[in-house]
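Q: Sequence lines, in order, name chains A and B.
Going by this note's numbering, the first residue of the first sequence is number 10, and it counts up by one from there.
Going by this note's numbering, the first residue of the second sequence is number 26, and it counts up by one from there.
By construction, these hints were calculated from the structure, which means they are not laboratory data.
Treat the hints with care, since some could be wrong.
[As the list claims (entries may be wrong)] Pairs of lysine-lysine, BS3-like flavour, derived with a Cα cap of 30 Å:
| no. | chain 1 | residue 1 | chain 2 | residue 2 |
| --- | --- | --- | --- | --- |
| 1 | A | 195 | B | 150 |
| 2 | A | 84 | B | 150 |
| 3 | A | 130 | B | 189 |
| 4 | B | 85 | A | 130 |
| 5 | A | 159 | A | 258 |
| 6 | B | 99 | A | 72 |
| 7 | B | 99 | A | 258 |
| 8 | B | 222 | B | 42 |
| 9 | A | 386 | B | 367 |
| 10 | A | 70 | A | 195 |
| 11 | B | 222 | B | 86 |
| 12 | B | 416 | B | 428 |
| 13 | B | 438 | A | 357 |
| 14 | B | 150 | B | 110 |
| 15 | A | 428 | B | 281 |
| 16 | A | 386 | B | 222 |
| 17 | B | 99 | B | 244 |
| 18 | A | 428 | B | 110 |
| 19 | A | 130 | A | 72 |
| 20 | B | 99 | A | 386 |
All values reported here derive from a predicted model rather than from experimental measurement.
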Amino acid sequence: MDTIRYYDIRYVRGNSTTITVENGDVESAGSNFFGKALIRVLGEHGWGYYTASPFDPDNSKAKQEYISRAARAAKLANVSAEIADVPYGSPRSWSCSAAEQAAIPLEEKAALLLQMEGRAKISEVVSTSARYAEQYHDVWFEDCNGYSAKSSTCRTLFTISAVAARSGNMQMNYEQEAVVGPLNLKEYLDCGEKCAKRAVELLDASAVSGGRMPAVLDPAIGGVFAHEAVGHASEGDAVRDGVSVLAGKLGTSVGSPLVTIIDDPSMHGYGYEPFDAEGIACGPTELIREGIMNAYMHSRETLAAVGLETGDAGHARAEPGMQPLVRMSNTYIKEGDSSYDEIIAECKNGILLIGSRGGQVDPGRGAFQFNAKYGYKIVNGETAGMIRDVSLSGDILSVLHNIALCGNDRKMSSGMCGKGQSVPVSDGAPHVYLTEAMVGGSGNA
Amino acid sequence: MHENLIDTDVILRAGEKLADEIEVLVLSFEDLSLEQREMAVSAVSEHAGSTIYIRTVTNKKIGVSSTSDPGRWKECLAASVSSAKLAEPVEGWKGLPAPAALPAGDDPFDPNLSIDPDTAAAFLKRMNEGAAAHADARVVSAGVSLSKGLSVLANSHGIRYERKMTGISLGLDAIAGTSTGYEYDSSPFLNRINPEKMGEQTTFWATASRNGVDVATEKRGVVFSEHVVDSLILDLFTEAINGRNVLTGKSIFAGKLGEVVADSSLSIADVPMDPLGNSMRRFDTEGTLASRREIIAGGVLSSYLYDCKTAGQAGVSSTGNALRGAGGATYIAPHCLRVSGKISDVTKEPCMFVREVIGAHTANPLTGEFSVEVANAFLMEEGEFLQPVKKAMIAGNVFDILKNIGGISAETKTFDGAVVPKMRVSGMQVIG
């Protein structure tokens with residue numbers, strides 16, 4: 010008989026529908042139906058996983074067979090793994106099953122998307138496109154202790170993009186909104202014009218000259234900083250494996266006293282999960298509190314490995330049918346008390362970075378990079394010319410210490426995070442002033 | 026594998042009653058993965074399943090749907106028919122492909138690959154043995170994935186094509202102090218994977234990158250590794266030659282057929298049956314025959330890539346470059362890009378060698394502008410690493426780089442969509 014110290018089953022069944030419109034036409038509309046279960050067994054030493062698709066949660070005979078298969082796989086694992094005994098918690102219940110969203114005819118959603126895209130057709134815009142998607146997930150979780158949990162979640166999003174062209178110069182911009190729960194496209198029709206105007210403005214923007222300089226991050230790119238530079242380095246697996254510059258720093262100063270960074274799966278943001286991929290409901294975890302490294306994000310396994318006092322379980326997430334990984338959910342820099350005008354004035358001469366085109370981090374080296382959608386020069390305490398294709402890179406610990414002001418205007422943005430698997434997240438920040446940052450741009454002549 | 030449980034004829038017959046044309050693509054697979062931590066196996070995963078992609082065409086309107094739950098194929102078919110009602114008719118639609126004589130050639134399939142834990146464990150062991158060459162570095166994690174698959178494509182015009190696939194994916198990462206290194210490789214064939222060399226290279230990058238020096242902000246000669254050429258340059262190039270982006274005004278190459286877009290020494294072709302490639306294809310995922318295509322010849326842009334839909338809209342024939350994305354819709358991509366040009370000893374003259382960049386995906390896909398952080402970068406001369414670079418960014422424009430190639434290396438590395446050389450670029454903006 011194979012040793013089974015623990016097992017759980019996470020079955021996700023659902024469907025997603027996507028509509029894409031391009032230059033005034035419905036380019037495609039399609040649906041995807043899925044149903045996958047991950048059966049996870051902790052054997053004598055380590056983990057065995059079996060992914061079943063299709064899966065019938067009422068077929069107990071099949072379940073036993075899958076558990077046996079995962080147990081056989083676990084026999085090959087030879088690294089000792091333990092799981093911490095933690096409370097399952099009480100899920101924060103947001104209204105997010107969104108039956109009303111599903112009830113709206115697809116034709117109506119497509120018509121609204123076309124309306125939004127139509128408003129992006131302004132002078133000098135040569136191409137427009139928009140995408141709408143809604144995804145429904147029903148999750149069944151059960152483990153060998155008799156615990157079970159169920160959830161139904163809807164995620165809804167749109168993205169609109171516009172390309173502007175003038176005399177061989179082309180620039181693009183996109184705007185998006187992604188929420189947990191219903192999203193009424195009628196309320197966002199103006200996003201088309203807003204998106205297009207920014208693309209046209211970018212035709213007159215200049216490339217920035219790279220180098221070290223003071224910088225102000227807007228809430229979107231400040232959020233990416235929180236996610237990329239601090240969040241990933243605070244994940245329990247990176248800490249356990251010794252590949253995070255924040256490992257071993259609990260209780261020590263890792264940044265300016267102005268900096269508090271939180272990850273909160275229970276928050277009503279795009280990264281919301283009623284309970285994580287191990288069935289655990291979790292609230293806010295203060296990763297950094299007033300500049301001091303305070304806690305790491307954990308799965309049950311990394312909590313046991315790193316130490317029960319080092320943070321919170323409840324941060325394991327997974328794509329359907331895939332194994333739980335320690336991940337962020339909704340991550341943000343807590344707001345301070347400075348106004349936007351005070352921050353720009355304090356910066357004096359530097360750069361304002363706005364919006365995010367994504368980022369990446371090497372947590373072991375402590376290096377990160379992310380790219381802004383655009384920005385402005387700051388000259389004599391005021392914003393001046395618009396700039397494009399500007400990025401920021403740096404050393405995590407140095408930049409955290411360089412934060413000199415935090416605004417009072419935090420906003421959250423939604424997106425996807427890729428760490429082997431792709432999961433929905435949100436991140437945010439107030440405007441943040443860095444006394445020195447490494448800015449990349451091709452404008453150096 | 027589940028393919029035998031899914032009768033494509035049943036789905037075709039059901040779909041023919043509801044649509045003018047129907048296509049069913051079934052991808053069945055089994056895979057096994059081993060993860061390593063603390064130099065031993067920490068987890069073992071097994072997975073097997075099928076995905077069904079259904080496309081229907083009615084009055085030149087295309088509907089798509091997919092499912093990973095074979096029991097839900099009727100829902101999937103209904104959704105495909107329903108979604109076609111929303112779509113616009115495709116101007117110039119010539120219909121789904123009809124059967125044709127497939128070109129000779131093998132599938133990316135190795136009959137000697139066994140999907141079992143012992144085979145996977147042997148790969149891990151060999152990577153670890155290679156990694157021991159640089160003892161100052163610690164292997165953090167490693168992984169092996171073995172897979173076997175079969176795709177069956179059938180349509181209402183009588184096509185029924187099969188393609189077999191195997192896959193070996195290996196990866197490991199290491200750290201020495203705060204200096205990191207990683208290596209990743211994949212191939213359908215056992216004899217093309219060198220686990221010992223991967224292990225040795227991973228710990229080499231981690232140890233050699235320690236104690237880096239600062240560099241000045243200036244323009245200098247840079248040599249991009251095969252990784253960077255693939256992830257930064259060829260990724261954006263692929264977007265620019267995508268027929269759909271050309272049609273919708275999202276390609277910098279739109280309207281430039283016959284124009285000089287690259288250095289006259291540079292040619293880039295798509296070679297589906299390239300013997301060094303990873304994904305040989307005799308037909309694409311909608312049944313169009315795949316064949317060699319020159320995209321840039323002597324610096325001149327000579328072709329874009331199309332699937333059936335965009336080819337109809339452009340008034341040309343499909344180039345056989347349809348692949349299949351999530352949800353079932355096709356997307357356009359090359360099968361195996363081959364770069365040829367002036368081969369030279371690219372690291373002989375002084376340069377900064379960039380093995381990896383952080384943030385390649387943040388480059389501007391429309392204009393080609395990028396500014397990214399370098400990783401595992403070195404000052405080099407006469408082919409020798411002089412000093413590691415502590416920290417730097419590089420910034421520029423991918424499409425300008427194509428016009429400013431200072432030579433490519435004879436040696437290449439194979440990625441899933443390309444066989445790639447190193448590339449030298451002069452006057453690259455470095456920000457120190």
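Q: All hints, please: hold or fail.
A: To see whether the hints hold, each was checked on the structure:
1. A/195 with B/150: The given pair, whose Cα atoms are some 58 Å apart, is violated under the 30 Å limit.
2. A/84 with B/150: holds, 18 Å
3. A/130 with B/189: violated, 46 Å
4. B/85 with A/130: Measuring from Cα to Cα gives roughly 26 Å; hence the hint holds.
5. A/159 with A/258: Given pair residue 159 of chain A, residue 258 of chain A is violated - Cα atoms ~37 Å apart, limit 30 Å.
6. B/99 with A/72: holds, 25 Å
7. B/99 with A/258: Between residue 99 of chain B and residue 258 of chain A the Cα gap is close to 55 Å, so the pair fails against 30 Å, i.e. violated.
8. B/222 with B/42: violated, 56 Å
9. A/386 with B/367: violated, 41 Å
10. A/70 with A/195: violated, 48 Å
11. B/222 with B/86: violated, 51 Å
12. B/416 with B/428: With Cα atoms ~27 Å apart, residue 416 of chain B and residue 428 of chain B stay inside 30 Å; holds.
13. B/438 with A/357: Given pair residue 438 of chain B, residue 357 of chain A is violated - Cα atoms ~48 Å apart, limit 30 Å.
14. B/150 with B/110: Judged against 30 Å, a Cα distance of about 55 Å means the pair is violated.
15. A/428 with B/281: violated, 38 Å
16. A/386 with B/222: Judged against 30 Å, a Cα distance of about 47 Å means the pair is violated.
17. B/99 with B/244: Violated, at roughly 60 Å.
18. A/428 with B/110: Status violated; Cα separation ~37 Å.
19. A/130 with A/72: violated, 54 Å
20. B/99 with A/386: violated, 57 Å
When held up to the earlier numbered hints, the structure conflicts with 1, 3, 5, 7, 8, 9, 10, 11, 13, 14, 15, 16, 17, 18, 19, 20 and fits the remainder.
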